[in-house]
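Number of protein chains: 2
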Amino acid sequence: MYISGVGRTKFGNLSDNLQELAYEAILNALDDSNLDINEIGAIFVSNFLSGPLNGQLHLNSMISSLIPGINIPIIRVETACASSSVAFNQAIYCLQNYSNILIVGVEKMTGVGLLPTTDAISMAGDRTYDFPNGLIFPAAYALIAQQYMLKNNINHDILELVSYINHQNSRLNPLAHFYYKEVSKEMIKNAPMIASPLNLFDCSPISDGAVAVILSKNKTSDRDVKVMSSKIATDTISLTERINLTSFIATKIASKQAYKEAQITPADLDIIEIHDCFTISELIALEDLGICGASEVSELIKNGDILRDGPFPVNTDGGLKANGHPIGATGLAQIFEIVAQLRQETEKRQVDNPEIGLAQNIGGIGGTCGITILGV
Amino acid sequence: MYISGVGRTKFGNLSDNLQELAYEAILNALDDSNLDINEIGAIFVSNFLSGPLNGQLHLNSMISSLIPGINIPIIRVETACASSSVAFNQAIYCLQNYSNILIVGVEKMTGVGLLPTTDAISMAGDRTYDFPNGLIFPAAYALIAQQYMLKNNINHDILELVSYINHQNSRLNPLAHFYYKEVSKEMIKNAPMIASPLNLFDCSPISDGAVAVILSKNKTSDRDVKVMSSKIATDTISLTERINLTSFIATKIASKQAYKEAQITPADLDIIEIHDCFTISELIALEDLGICGASEVSELIKNGDILRDGPFPVNTDGGLKANGHPIGATGLAQIFEIVAQLRQETEKRQVDNPEIGLAQNIGGIGGTCGITILGV
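Residue numbers (our numbering), protein chains in the order written: chain B, 58 to 433; chain C, 58 to 433.
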């Protein structure tokens, strides 16, 4: 099973609507592949907030409208911020019936707002207990960060460094939300507080964007990238139901299963995409993915091990923090970056000769995790 | 591939919340099967409006919370009113990896309303062109009904008869939304107009409810029902994009493919569940499913052919009109009824010795269609 085409839009505060974003990504992915739309057997569309923000659901039918004459199966998947890695996972099972399946993730978050954006995003968390008590996402991840910092005896400096590295990476990615923005360590340190200890630069932005990926049963060209594994796992939705706040069991379970299926260990990874919705989640993921132990995470980051020329390059596209976080497209954006890196087509941000990459995409506070391992 | 367990809640204006409805259906399906929750390899959750109405998305993680200790793959599917037949279809592909998969459809529509219900439901249609021009669902189906009545030279009497038959059927289904309600032909004829020519009794109600179905790779008991085919197709979302308003191409394509896979013809069907969101859609479906030609639909209904003791019993549970229409659960409710009928467990509404049943579940104005064929 191969990825035979990838396409995306720029991420950011864009003037395009939901349809235009999805259409652009689909056309780009088809252009990137050797395939014609008529060779696509089914489509998955991944999106989180089009109901509450755009007032539009039934996106599978909306996609049918974008491509006149298409009556093939189109399925919408929603699993919060993990929507697109889960859609990708489902497409793999569905591929038994078709030669090629297209997966498109799309989110239009700015300039809309049937409901306030923060209110809408909080629907990824528990609205029965957590939300009424103030646990919108920055607050929930702040609680987690407080506990993590206490437990592992670290201070905010390390989170600032994570943010800085992601912003530096985005300066080499012309499609990134913050490609244009020069960000200094001083700016990060002095940014306004959002929910202590998380300041503005610990939080990923509100972005518009879309990404499409084409999955093919058989190899279509030398640029195709192999799907070594895709696994998903779930966990409880409310923080009140968690015993351990500083580790996400869904990441642990899905990554363990994925390593097994791909027959690799974390040491074999040449490039990693981590779901850094907040800087703290990058630290948690490094441990949950088995890259290093909890006590070693700080050192790993300080040593420069997650830089482009280090042993574990992380978020070379800028991550959610600086590439952007158009929620229903984020998991596919990670896959886009790994494909581009494995093909050695990322120009200035290219990692030296990568052979295996992993993407970790989580929903809510780790209530869903999708792990994808790709290789050449 | 078999259905080894089915369970549902009562449909109607209920006091239960989203979690309670889903939980009750899941427990009932497990009770109905010989399986324990630990034998379920993955779960699909189908829902349409939990974001706009309940303010809760990420329902796959919510389901994980309902069953402590469960970290298995859980996937939410949304394709408007066809959400649950599409989730069922996807579960079939996923079953290659597991022995048993549970599919739960749930919708909580009353007593909630972060947004007005009619506004929320309109998200199944096109919000760019149709909605701003007043085409909420009753209006869109009224346009279709006007054209259908003109084209086929029928009057409202035949729609009233469809409504009456569905209400009569629901009087034999204790779990139906309108089980309690004696409905006369006079009441239907004189009901208040909603959108001409559709009056109140042409429109399905706003219902709460949940249904769960367990799909098993191997036969688990003599009560298991065989899945003969499941197919889905899509079409454009906006009425402005349709050439023909009086036929839904997605139903035609999906049913043709399903008949082929099941190796049957429409004449082989012993029981049919039709998506009568509005009475007019039942007439359209009878033609689109190939039960009879457009010019014969009226006669078929007047002859009593769709009654329980006729050659093509339709909506023995009361259909969407009288069993109810908890949107994300509706497709599974149809499957529930067919399973119950094929097992001959429906008591007073039992059809004589049925062997093959078909369910037609559409989303929006036929923008999605899921067809399921089951047999003993």
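Treat the hints as calculated values from the structure; they're not laboratory data.
Treat the hints loosely; a few may be bogus.
Treat identical chains as interchangeable: a pair holds within one or across any two.
Here are the simulated DSSO-like cross-link-like pairs (lysine-lysine), alpha carbons at most 30 Å apart as the crow flies [unchecked claim]: (1) K313 with K405; (2) K238 with K67; (3) K274 with K208; (4) K67 with K317; (5) K309 with K238; (6) K208 with K246; (7) K405 with K67; (8) K208 with K67.
Consistency of the hints with the structure:
Taking the shortest alpha-carbon separations for K313 and K405, neither the intra-copy value of 32 Å nor the inter-copy value of 52 Å comes in at or below 30 Å. In this assembly of identical chains, K238 and K67 lie within 30 Å of each other by CA distance solely inside one copy; the values are 14 Å within and 56 Å between copies. Within a single copy, K274 and K208 get their C-alpha atoms no closer than 46 Å, and across copies no closer than 46 Å, so neither meets the 30 Å cut-off. For a Cα distance limit of 30 Å, the shortest separation of K67 from K317 qualifies neither inside one copy, at 35 Å, nor across copies, at 44 Å.
Proximity of K309 to K238 under the C-alpha cut-off of 30 Å is found in neither arrangement, the shortest distances being 34 Å within a copy and 52 Å between copies. In this assembly of identical chains, the alpha carbons of K208 and K246 lie at most 30 Å apart only when taken from the same copy (22 Å versus 71 Å across copies). With identical chains, the CA atoms of K405 and K67 are at most 30 Å apart within one copy only, with a shortest distance of 17 Å there and 60 Å across copies. In the homo-oligomer, the alpha carbons of K208 and K67 never lie at most 30 Å apart, since the shortest distance is 38 Å inside one protomer and 48 Å across protomers.
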